[in-house]
Amino acid sequence: MLFNSIEYFVFLMLIFSLYWVLLKNKTKQQNILILVSSYVFYGWWDYRFLFLILFSTVLDYTLSLYIHKTSKKVYKKIYLYASLSFNLGLLLTFKYFNFFIESFESIMNVFNIHVNHYSLKIILPVGISFYTFQTLSYTIDVYRGQLKPTKDFVAFASFVTFFPQLVAGPIERAKDLLPQFFTTRKFEYDFAVSGINLIIWGLFKKIVIADSCAVYVDYIFDQYQTQNSFTLMLGSIYFAFQIYGDFSGYTDIAIGTGRLLGFNLKPNFQTPYFSRDIAEFWRRWHISLTTWFKDYIYIPLGGSKGGVVKQLRNVFIIFLISGFWHGANWTFVFWGLINAIYFIPLMLLKNNRKNTSEIVFTIHSVFKMIVTFIITCIAWVFFRADSITIAMDYIRKMFSFNFSKLITYTNIERYNVEVVPLIFLFLILELFAVNHETPIRGKMKFFKTLILLLFIIVFGVYSDQKEFIYFQF
Amino acid sequence: MKRFLIYFFKIIACVLCMLCVLDFTYTLVIKNSVPRNKFRYALSLKNRHYDALFLGSSRVENSIVTSEFKKQGFSILNMGISGAKLGDTYFLLKLLNENKVTFDKVFVQVDYLYNEDGIVFTEARKAYLIPLIRDENVKQIFKKYDDDFLCNYYIPFYRYAKNSYRVGFREFFNSLLNKGPRYSLEDGYVPRYNVAKHKKFILPKHKIKKSKVLEEINNLCESINLTPVYFTAPFCNNLINEQFLVELKNDLNNFFDYSKVIENDENFDDCQHLNDKGAREFTNQLIRDFFE
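The listed protein sequences correspond, in order, to chains A and B.
If you're matching positions, the first sequence starts at 1 in the working numbering and goes up one per residue.
If you're matching positions, the second sequence starts at 1 in the working numbering and goes up one per residue.
Since the hints were made in silico from the structure, they are not lab data.
Quantities reported herein were computed from a predicted structural model and do not represent experimental measurements.
A couple of the hints might just be wrong.
The calculated label-pair distances, taken between Cβ atoms and stated as ranges, are [as the list claims (entries may be wrong)]:
#, chain 1, residue 1, chain 2, residue 2, range
1, A, Asn-411, B, Asn-254, 33 to 39 Å
2, B, Asn-194, A, Leu-54, 52 to 58 Å
3, B, Lys-179, A, Asn-411, 16 to 22 Å
Glycine is no exception: its CB is placed at the ideal position from the N, C-alpha and C atoms.
Work out the full structure: start from the sequences and follow the hints.
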């Protein structure tokens, strides 16, 4: 069930009515409703994978209770490793099995050793990376003694499968989200309206920006060999906005939906393309994943403490894992590597926490924003391309500065620059949203909401509905 | 909660109003602008007579050079539409007939298109006509052949949203500026200029037993006292499953196989489309065969 579909709208209205009318102030029953609706929501794609979530849920619920119960450190460790092995094992099997096999075959071929091709026909369960990380954080927090495990299975299962953020985040921590399943949710007008505003803003990002860019991105990347430098540059810029609109749009709808049910989910994006350096970009992009890696991998590895070599090692590890988390392809790993290379000079010069203040627009900061955006776009080419070779070739052609004809008519029956005005419109709206959740703020909020809705209706892409990109991760 | 529900329904009401206003505006603008596709162009023609009508897909659009006919003093209508199937061809013929546009000859491109299951009104071609769904002739077609007719007809703006790629804001904006298409609809010929290199085309292995849509085309032509000429436009040399065309020839009356009439692959843009040079050669062949 896509967030940008009529089915989801009907589904949400139904859940909302049952939740606040029939089950008002009945926390336990509300949790059951959330659990059932989450399973329906997930099963809409493929009901077979519900068993996988259920397995993960039961496993972490049980093991966490054991971890808490036992006083022996060895047993605690065994239970933790069991959880890690099962969860990561499932992730590796479903997401990375074929990748490892194919990579092994490629390496063997380099040494002229022929191995029989073997791959499994595996369907990637939607959102597996997201809910696996969410349950893992719960077990690790319990192991660390930072969280007391819950005995309420329904609440725990609802936390794991909470439908607004189940398939593409934000990856919530148990200490933030789980307690909300135990408190009585009260309907608050302002909170719910802010939820509606977030949903509308998210829909705008997805349907108007991401899906409009997608048409051009698909064309330019598929036909990159015949495009001039200007079109290739546009292609990478369009992809930057496609992926941002797509993913942050999803997150906004998720947070908005959560608010309609009385839940407060963490923000996942904060106008990342106004970042003044790459470190700031990573503090504003996919925040829940970045902080997850920071808390569970980077800091345990020593973080920025220790010598330069250790610091460098930690940075590379974190960025490479981050790249690999996105998908079973070397292009993602390379994308992570490039970001590590961008980040290292800042770290070595101890400038990585320089731009932590609110965004302000001065000539100097705007210049830094443009530079950061350009290097981000170059990295995105690796994220989008089918292989590293193609990405390299794309970038080489992009910087061959062949500007023979700037405006070209493409075989998607559109000029290559047609979506530029939409991107400018988006940037203007983003300017209103800097340091805020949405551009719907200040005076005449209702009028602004209607304007945004009008944009969605008029400029939205409905003929070729696209799934959210991050579903595949 | 009550306050929230009022807020929510206010939004829904405003959205409904927007949809109605937008639907009305889009329809008004698109309807009153110059035609921007061949379906709309066909509807703009009334009480006209042509020497010949050519129907089919891009293999007609890119192959029949209207100006070559003009040079010889013939008036023809090239109604080949890229991506069109026989179903679309049938609807086009029906609309022209209803608008009292007459012809001496009707040429229908039939090749792999023959294997059409039922009568297909393709989505892209449907989008060309959808702004005019409230016109009686168009409505009848949609009512019979569009599964989404009720939504398209009764839900305001649904048809524009669902076909946003073809009749969305871009089409509205161009219509508002009264901007025509990139090629002349009156001419109808869209030339190609590449030269094919190592191309091939695979025809279906066998033809289906009976083409329902061809039967309808036959009936329609019969009702206006015409015998349609079925033809296959040229293919490049590397054509696979040529047997398919033999089967067509055996089964179809008045079928002309031109698949091998252009021998040099340099006259092709790709294996199933002639380039401008090839198109002119082929057109002159047709003129010699049917008009001299």
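Hints versus structure:
1. Asn-411/A <-> Asn-254/B: 33 to 39 Å: 35 Å, holds
2. Asn-194/B <-> Leu-54/A: 52 to 58 Å: 56 Å, holds
3. Lys-179/B <-> Asn-411/A: 16 to 22 Å: 20 Å, holds
Consistency note: the structure conflicts with none of the earlier hints.
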